[in-house]
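There are 4 protein chains.
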Amino acid sequence: MPKYSVILGNLGNTCDRFLSSGYKDVPPMKELLKQAAEIDGVEGVELVGTWDITVDTVDEVGSLLQKHGLECVSIIPDLFSQKRWGKGTLSAKDAATRKQAVEYMRGCVEIARKINCPTLNIWPGQDGYDYYLSSDLVQERRWLQENIRAVAAQAPDIRFALEYKPKEPRNFSFLARAADTLLMVKEIGLDNVGVCIDTGHGFVAGENIGESIVILQQYGKKLFHMHFNDNHGSWDDDMIVGSVHFPLYVEIIYWLRESGYDGWYSMDQYPYREDGKGAIEASIRFLQMVERVLDARKHEELKTLMREGDNVRTQNWLRETFFK
Amino acid sequence: MPKYSVILGNLGNTCDRFLSSGYKDVPPMKELLKQAAEIDGVEGVELVGTWDITVDTVDEVGSLLQKHGLECVSIIPDLFSQKRWGKGTLSAKDAATRKQAVEYMRGCVEIARKINCPTLNIWPGQDGYDYYLSSDLVQERRWLQENIRAVAAQAPDIRFALEYKPKEPRNFSFLARAADTLLMVKEIGLDNVGVCIDTGHGFVAGENIGESIVILQQYGKKLFHMHFNDNHGSWDDDMIVGSVHFPLYVEIIYWLRESGYDGWYSMDQYPYREDGKGAIEASIRFLQMVERVLDARKHEELKTLMREGDNVRTQNWLRETFFK
Amino acid sequence: MPKYSVILGNLGNTCDRFLSSGYKDVPPMKELLKQAAEIDGVEGVELVGTWDITVDTVDEVGSLLQKHGLECVSIIPDLFSQKRWGKGTLSAKDAATRKQAVEYMRGCVEIARKINCPTLNIWPGQDGYDYYLSSDLVQERRWLQENIRAVAAQAPDIRFALEYKPKEPRNFSFLARAADTLLMVKEIGLDNVGVCIDTGHGFVAGENIGESIVILQQYGKKLFHMHFNDNHGSWDDDMIVGSVHFPLYVEIIYWLRESGYDGWYSMDQYPYREDGKGAIEASIRFLQMVERVLDARKHEELKTLMREGDNVRTQNWLRETFFK
Amino acid sequence: MPKYSVILGNLGNTCDRFLSSGYKDVPPMKELLKQAAEIDGVEGVELVGTWDITVDTVDEVGSLLQKHGLECVSIIPDLFSQKRWGKGTLSAKDAATRKQAVEYMRGCVEIARKINCPTLNIWPGQDGYDYYLSSDLVQERRWLQENIRAVAAQAPDIRFALEYKPKEPRNFSFLARAADTLLMVKEIGLDNVGVCIDTGHGFVAGENIGESIVILQQYGKKLFHMHFNDNHGSWDDDMIVGSVHFPLYVEIIYWLRESGYDGWYSMDQYPYREDGKGAIEASIRFLQMVERVLDARKHEELKTLMREGDNVRTQNWLRETFFK
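Protein chains in written order, with this note's numbering: chain A, 984 to 1307; chain B, 984 to 1307; chain C, 984 to 1307; chain D, 984 to 1307.
Each hint should be verified, as a subset may be incorrect.
Treat identical chains as interchangeable: a pair holds within one or across any two.
Each computed BS3-like pair below joins lysine-lysine, with the alpha-carbon atoms no more than 25 angstroms apart [what the hints assert, rightly or not]: (1) K1066 <-> K1076; (2) K1307 <-> K1082; (3) K1082 <-> K1007; (4) K1097 <-> K1281; (5) K1205 <-> K1082; (6) K1205 <-> K1169; (7) K1286 <-> K1070; (8) K1076 <-> K1281; (9) K1281 <-> K1007; (10) K1070 <-> K1007; (11) K1204 <-> K1169; (12) K986 <-> K1017; (13) K1097 <-> K986; (14) K1204 <-> K1050; (15) K1307 <-> K1076.
Calculated from the structure, these hints are not laboratory results.
This is chain A alone, in the form it adopts within the complex (with noise of 0.2 angstroms):
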């Protein structure tokens, strides 16, 4: 059985660049937690550092935590919110900035040890470029690839999930698509470096996530953690799970399970407009409708079919078996 967690920030405010006040209010973070801790199925909560948890805070949060029963699931750099790191982070132009962040980076591990923390979901978002022209894509990629390496060479008790997405804020990220960001955790040939899957990351990449799983597993068991949303396929409008697409979801389920994922099964919404705790729930009851009409009898019915490859057959089968 899949255990879902959830990223605390969804079920706070949120902004873009038209309302960059928020469109909603946002509670104390004890709230949160509360919130968190309600969803029926939650039993973790993935915090972003200097938001949620620091240096100072990681004892108070580590016991709010355990009143609350839920586990750190991962703890999320901020490398994307502070004006410092508005031109790059870890692959930064600028040496001084590259150097803040490896610290801040090392910061962050210190952070996790002490709450008991085993991974850190890296999402370098600010490490791009924006125009054609504007990097020397060999040196910055290299500069990303060594830092990140420096940082997990020194903590091996700590897992480096590293997560991609095509674009925004950059219009080009360094870390884009499923084979490239596998393509750099090779290069840097760590066992505790590995990929992050963000679902609506990878439809924009325009990846069956499915394939995007077999890719990362077969080719040395580098699905680190599991990101869930929906969208349109054009923008990562993190919506609820199953809002708009239906059966890529069954295929999720059903290459987690073939190919051995024992991680988390985490929210990763933003909520512009929507009640926040609803539309984790919503997403979770979702994909637990999922987990539980795939039983392992109709698992294996399945897997005839995939192997048949007769669409007819498999889309009646799907309609019959998922739908009233």
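With chain A fixed as given, assemble chains B, C and D onto it according to the hints.
Chains B, C and D in isolation, oriented as in the chain A frame:
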């Protein structure tokens, strides 16, 4: 209760630019009609002019339809598969080609009358352009409009449903989106000229088809015909309905009902490597499932939810209503 | 000769949902106006209502404009950056919000009159929806139409340019494409209501902007305003003109001339990490280069090429005409 | 100085799924070779196995090439246009088909050897899938990898350039992106197996081709071949180079030089309605223009600009350097 139909050619061979001889074998037309009649729920067929029906074969085809209890829902003039149409038909730069296209269209009107077919479904797929700076857009768009008007004005007994598509086979089509096409329809200003929505064409255009239905119906009851299929979002993959998306079909059914559409639900797919009959059947069953579950009571519940616009509630309702 | 203008805010700070405090520092408004005036070719500015100008500051701003020899090209009512507009303005489900939006728009009319600004550029970015099945599309689209009509009918001395955009901040905008917007403009039926094209919004909608210009001008001279920028095709990246595409801008200039557009060429960009003034300047220089090279003789050559439609000849001509 | 080549079939007929008989007439192969030789700068051709060359015609074709002073740059095995390949070749679910595909590939190796052609350009266009849940992805991807390895291991004298493409003719290709393909190349682990970039395929995948070049070259000098064309971004429109985009081609040339690529610049287009020879010629002239303007001094200026990353300066430099 909606009436289902199918474009006859969907049951036959399929090809593409790489495998131009086709992926399958073509059964004779008699066999295709028999297959169409056997699909549970199908009461009509659409015939492609020249391919499926000509002035010479109209009686024979009429008899076959009668034998199988099928109506001829529409004639689709072949404005796309002949070498002479390669650079356009009703809007071609070449005056002789435009004249031929008008004459050909008039021939299709005659065929439709003879077989008691109420509708010409006009898809001017070759009318458009591929490169920037390659078309006198004012002139060519005007030719298209005037030539459709000229044919339709002389055939007030026949309905002309203009089918839009953003691209393919041209990189830019003159009838590209629902609203573009409606604008031309309003300029033409004839009661018997309206629009055909192909769901997949609309997805590629970035449309929420529910909204396209509303626009066409609100601005003059101009939705004349519906083609159903699914795709992955960026191209007209012409797949089985429901094989990629789900909730948007609920919205389509909702607005077809609300807006008083009383035309056909016609299947338009391109089962390259699938059994054609099976693919059509699976699509119809998917839509019938949506129709059945969204009964009168559920339809009213949905209306209330849409007016309130609480997406968490609506997504929970969708999951509980449709899934096991 | 076209007149160039700039949206004043382009020169200021920029933020996004990840770095909401912004990538740069905001100079005071006086400084922004000075910068605008210094850009070679700029003769006007667009001001965002509330941000840049209010009833209270209109005299002061007017003096500053006069001092710098700048016209106020348009007022852009702020229908997007206030918390109360988060779920819509003129089409909001909430009646009190719609009323506030109408009143706010009337205030903007007053400001425009006081500063002798001829145009309100209406971008109702929050009017739309995010999820399928979340909006009574008939009702909400009607509110939008009626409220725009109500305001515009009482201000026949002011032109209302409706700016469309397929998505962002909503996943689906009610004013999404050129033709959708023109349909609503025609339903409104007032001489002083037309359309603003933002080139990048059109790219995301899959439009060839040259054709959008033709459609708007042919069906009633309804192109009221132009915003220029470039992007990578799938999102409103708001980049320097010419940084991604080239020949399509030649087509835009061609059709602006041919269709008798005599409005402003206004720059609308979002230089997240660039010097704002420099980005605007580079865009204007790019367009001025196209204007200069496409002189009267070259314009006529191009007209002939477009009518002939031989893409090989046209591409050779483009290369030889524009490149060194 | 780069050497230019062309895929011979580009000069012949073109068709699509709607006009399967083709838009043009096919000249005989002798005529096509003559045309290729006449294009200024062309020194080589790529031949499609079975279409252009077979074991039986290899001597005759060899003589013709010699007569025209053309090299055979690559053989492209026809893994796409035969009915037996409709559901896959080297990864087909059917074991007999996989065996046939391996044998056919070995035949192509023999042809290449006989005509002194150094490279097989492998585009397994039919290897992939169309629907979710239709493929045992682990097994089928493994078959593809093992079968390529099996053929390549026995032909160390021939280079195998694997050409990726996100979709078409399958909705999902197994070799979809640069990084996916490189991963498989690295798993295969043979010196004579690398990657071919088709620029348009990369655009559809959302890649900045400059970065794809860097990735392939940095992670093992695996860029074996280059196909050039342009498109509108969402589909493989196979258009004349430079007809849509501009600065990205400057970046491509820059990184081809920097990364030490010494292979061919081959034209791969699909001039549906254009004169084939003229389209290829226009593409080569566009690239030659970029090569000429970006001379050694300008190349160094650009290097400095890219390292500094000031997009305003770089865009001004681009305009001043390349445009009149």
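The hints, checked one at a time:
1. K1066 <-> K1076: Close inside one copy (15 angstroms), not across copies (37 angstroms); limit 25 angstroms.
2. K1307 <-> K1082: neither (57 angstroms within a copy, 43 angstroms between copies)
3. K1082 <-> K1007: Between. Shortest inter-copy distance 21 angstroms satisfies the 25 angstroms Cα cut-off; intra-copy 35 angstroms does not.
4. K1097 <-> K1281: neither (43 angstroms within a copy, 52 angstroms between copies)
5. K1205 <-> K1082: Close neither inside one copy (27 angstroms) nor across copies (32 angstroms); limit 25 angstroms.
6. K1205 <-> K1169: Answer is both: 9 angstroms inside a copy and 16 angstroms across each meet the 25 angstroms cutoff.
7. K1286 <-> K1070: Between. Shortest inter-copy distance 19 angstroms satisfies the 25 angstroms Cα cut-off; intra-copy 46 angstroms does not.
8. K1076 <-> K1281: between (52 angstroms within a copy, 22 angstroms between copies)
9. K1281 <-> K1007: neither (42 angstroms within a copy, 31 angstroms between copies)
10. K1070 <-> K1007: The answer is between: 11 angstroms across copies meets 25 angstroms, while 28 angstroms in one copy does not.
11. K1204 <-> K1169: both (11 angstroms within a copy, 16 angstroms between copies)
12. K986 <-> K1017: Intra 18 angstroms, inter 52 angstroms, cutoff 25 angstroms: intra-copy only.
13. K1097 <-> K986: Classified as within: same-chain Cα gap 22 angstroms, cross-chain 60 angstroms, threshold 25 angstroms.
14. K1204 <-> K1050: Neither, since 34 angstroms and 54 angstroms both go past 25 angstroms.
15. K1307 <-> K1076: Answer is neither; intra-copy 56 angstroms and inter-copy 32 angstroms both fail.
In this structure, the earlier hints numbered 2, 4, 5, 9, 14, 15 are contradicted, and the remaining ones agree with it.
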